[in-house]
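Could you put together the complete structure from these sequences and hints?
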Amino acid sequence: MIDAGARDVVAIIISIVVAIVLAFVLYRTTTPTLPRWIRLALGALRLLAVLIIILLVTDPVLRLTKTSRREPVIAVMLDDSRSMAFPESEAKLDRAKRIVIDTLVDRLKAKADVRFFTFSDVAGEIPAAEIENVDARGSRTDLAAGLRSAIDGMDTRPAAFVLLSDGGINFGEDALHYSSSLRIPVHTISLAGDETIPDISVDRIETSGAAYANSVVPVWLHLTGRHSGAVETEVTISDSAGTILTKQVVIPGTGARTRIAADIEAGEIGLHRFRVTLAPLEGEEVVANNTMAFSLKVIKGKIRVCLVAQHPTWDFAFARRSLDADPNIDASIVFTAPDEPRVRMEGVVSDLSRVIEDLDVVVVFRGATLGSRGDDLIQFVRDGGGLLLVSVDPSARAWEDASPFVISSSSRGADLMYTPRDVEVGGDHEIMKVKTGSYGWSSLPPVPVDGSVQGPRDEATVLLSGVSGDKVMPLVTVMRYGVGRVVAFSPFDLWRWDFVPKGFGVETSAFSELLLNSIGWLTERDEIKRLALSASKDTYLWGEPAEISARVTDENLKPVSGASVEGEIRDAVSGEIKHEFAMGDRAEGSHAARVDFLPPSRYIAAVTARVTGEVYAEGRLEFSVDERGLEDFDVDGDNLALEQIAAATGGTAYRVQDSARLAEELNPGSTIARSYKDLRLRLTLACFLVLAAILGIEWLVRKRKMLI
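Each residue of the sequence shown is one higher than the one before, starting from 5 at the first, in our numbering.
Any given hint could be a false lead.
[Stated by the list, open to error] Here are the simulated BS3-like cross-link-like pairs (lysine-lysine), alpha carbons at most 27 Å apart as the crow flies:
(1) Lys582 x Lys533
(2) Lys681 x Lys475
(3) Lys301 x Lys533
(4) Lys533 x Lys306
(5) Lys437 x Lys541
(6) Lys437 x Lys304
(7) Lys437 x Lys251
(8) Lys301 x Lys251
(9) Lys475 x Lys437
(10) Lys475 x Lys301
(11) Lys533 x Lys437
(12) Lys306 x Lys475
(13) Lys304 x Lys541
(14) Lys562 x Lys533
(15) Lys541 x Lys582
These aren't lab readings, by the way, just hints derived from the structure by calculation.
In C-alpha cells:
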C-alpha cells in the first residue's frame, strides 16, 4: 500500500499538471510540421523530464506500507522481591510459580507467543524452563521499571501483561500512572494474603538526631500490630557495646499504631548507632520488620544561644518556641528597646555583654539596636562565634560588616513580597535539609524583604533566592567572617513557613527546621572544608539508593566551578571496594551521585575533587545500609493496588483461585504488524543520468528534424 502525506500528494499533482501543459504547448504544433507519433514521443520525453525536475525540487515521499498479521505476544511478569518469600509456611512466590507452570504456560501458549519476565529491583526475561528456579531476592519492588524493561526487550509490543505479585509496590515511578499510560491491558493475579498474618513491627523512630554528651535523649517508637487483639512484648535498644534499655510494651492489634517513649543516654562525643528490636510473638512468621536502626550525633555540651530583639515579634516567638523544645539548646534572651520590656519572660537578661563570652550563637532579629554593643558582637564572630541575622534592616549599622547582604544607606525603598526559588548550590547544603516533602521551597508562601536590602556581598554564598516580578533577591545567605560563621535571612514574617506545608499534609515546620539547621551549622568548629560531603541519610534501608552530595568551595565558602569530583565506596569492615563513581556537576560548586544496590553493611565513601587536573581537596563520609529493607514494611501485600492497576489499564483482577479462569478468558486475538519503506526521489547520480539521457534523446531528435 502506498501512503503519502497531503503535501506530497499536492506536489505530485502540480508536477504532473505543469509537465503536461508544458509538453502540450511545445509539441501541439511544430515548424516544420512533424508526424503525430514523433510529436507525441517528443512530448512524452519533455513531460518526463519536467516531471523529474519538479519532483526533485519538491522532494515528495511515498511510503510503502506492508501489513501482516502476527501471533500476539503476552508478557507474564513474576514478582521476585523479598516480600514474596513470606509466609515461610507457604511462600507467595512458590504459589505464583505453580500457577505459571501448571496453569498458564500451556494454555496461554495455545493462544499467543508467551514471554516470561521477573521484576523487583532489577528486571529481565527468563526462559520458561527457569521459572522453577526463581528466588525471592529483590530488595524492592519497582513495577514501572519492570514493565518498561519488558517492552524494551521485545521487538513486538505485547498485546497484554499478566502480572503475578502481592502488590507491595514500594519504589520507582508511580506504577498506576505509568501502566495506564501504556494502553496495554494488565491482568493481575494477586498473591496478597486473604487474611492478615499476625505481625508486630517497628514503623518509625522519632528522635532529635543530635544530643549533647551524657544527656538523656527522648526517643519515640512508633509500633504497629497486625493481629486480633492487643499483645504485650519486650522492646530492646542496643548499640555496639550491647543492650542499653529493655522495656515491656503493649501493642494494639488490627493495624493500629502506638507511640512509646524510650529515653536513652547519649554517651560520649561522636556518632552513635542504635538498634531497636521487638521480641517476636509466639508463632510470628515475619520478624524482619521487628527491628530498625537509628543514629545519634553527640556533641559537646548544650549549644548556648542568645536571642536579641527589640521586642517580641511573631518570628521571635516561633524561634523561641523551637529552641525551647530542643533539649540540646540552652537559650537566653536580650531585649534592646530603650525602655524596659513590658512583657516579662523567663530567661531574659539585661545586657548582651553579660553573656556573650559564654555563647555559641547569637540570633539577632529585625529592629534590634545594639549601639556600642555592636562592637562586642563583631569581635565575637571574628573570634569564632556564630551569628544568625533574621531580617536585618537599615538600623543594623553596628554589625553591617558582618552581614552577607549589601544594605542601602541612602534610601529605604519599598518592601516587596518574594516567592522562594531553589538555588543549585543550596540544595546540598546542610542548612537547607528541610523536610518540605514533594512541594519544595517554591511552594512556600512569599515573604516580605526590607527594601533597603540590595543583594548579596561578593564574598557571600546564596543558598535560597526569592523572586518578585523580574527582581531576584537572596533569601538565605552564608558567609565566613574572621574565623566565625554568619547565616542571614533577608525576609521577615518567616513564621508563615511553619503553617502552609501542614495544610498540604507535610509534617514539617520549615522556619523552625531552617533555624535549627542554621544553629547546628554555625556551631561546627571544624576548619572550613574545601570539600564538604553529606549523605541524604546516615542509615539507609536495604533497597534505597544512597544519595551523596558534595560542595566544592574556597576558604570563604564561595563555590568553585569546573571541579571534577569522583570517589569510591568501601565496605568499612572488609575494606573491599563496592562501587566507584563520578559525581555529576550541578553547577555552582555542587555535585551529586546516586549509588544503588548496596547490600546491608557499613560503608566509607572516599571522595576526591580535582581542579584543572590537580587534587584540590579530599574527604570521607560514612553511612550504613540496614538489614531492614523496603520489603520488610508490608509483607502481606496490597490487593487494592493490583485491582486499581487492572481497572486503569482495561485488564481484569484475579485472585489465586481464579487463575484458571484468566487462562480461559484471556483472548488477545491476532496482532496487526505494519512495516514501512519510504521512497524519495532525490538528486542522486542515477536520477541525474536518467534526466540527462531523456534530455539528450529529445535534443537529438529535435536536431535531426530541423527543430533547432
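Against the structure, the hints come out as follows:
1. Lys582 x Lys533: Given pair Lys582, Lys533 holds - Cα atoms ~26 Å apart, limit 27 Å.
2. Lys681 x Lys475: violated, 54 Å
3. Lys301 x Lys533: Roughly 19 Å between the alpha carbons, so the hint for Lys301 and Lys533 holds.
4. Lys533 x Lys306: Roughly 24 Å separates the two Cα atoms, so the pair holds.
5. Lys437 x Lys541: OK: Lys437 and Lys541 at ~11 Å, within 27 Å.
6. Lys437 x Lys304: Since the Cα atoms of Lys437 and Lys304 sit roughly 22 Å apart, the hinted pair holds (cutoff 27 Å).
7. Lys437 x Lys251: violated, 33 Å
8. Lys301 x Lys251: holds, 23 Å
9. Lys475 x Lys437: Cα-Cα ~26 Å, so holds.
10. Lys475 x Lys301: Given pair Lys475, Lys301 is violated - Cα atoms ~40 Å apart, limit 27 Å.
11. Lys533 x Lys437: Roughly 19 Å between the alpha carbons, so the hint for Lys533 and Lys437 holds.
12. Lys306 x Lys475: Violated, at about 41 Å.
13. Lys304 x Lys541: holds, 22 Å
14. Lys562 x Lys533: Cα-Cα ~11 Å, so holds.
15. Lys541 x Lys582: It holds: about 19 Å lies between the C-alpha atoms, which stays within 27 Å.
Checked against the numbered hints above, the structure breaks hints 2, 7, 10 and 12 and satisfies the rest.
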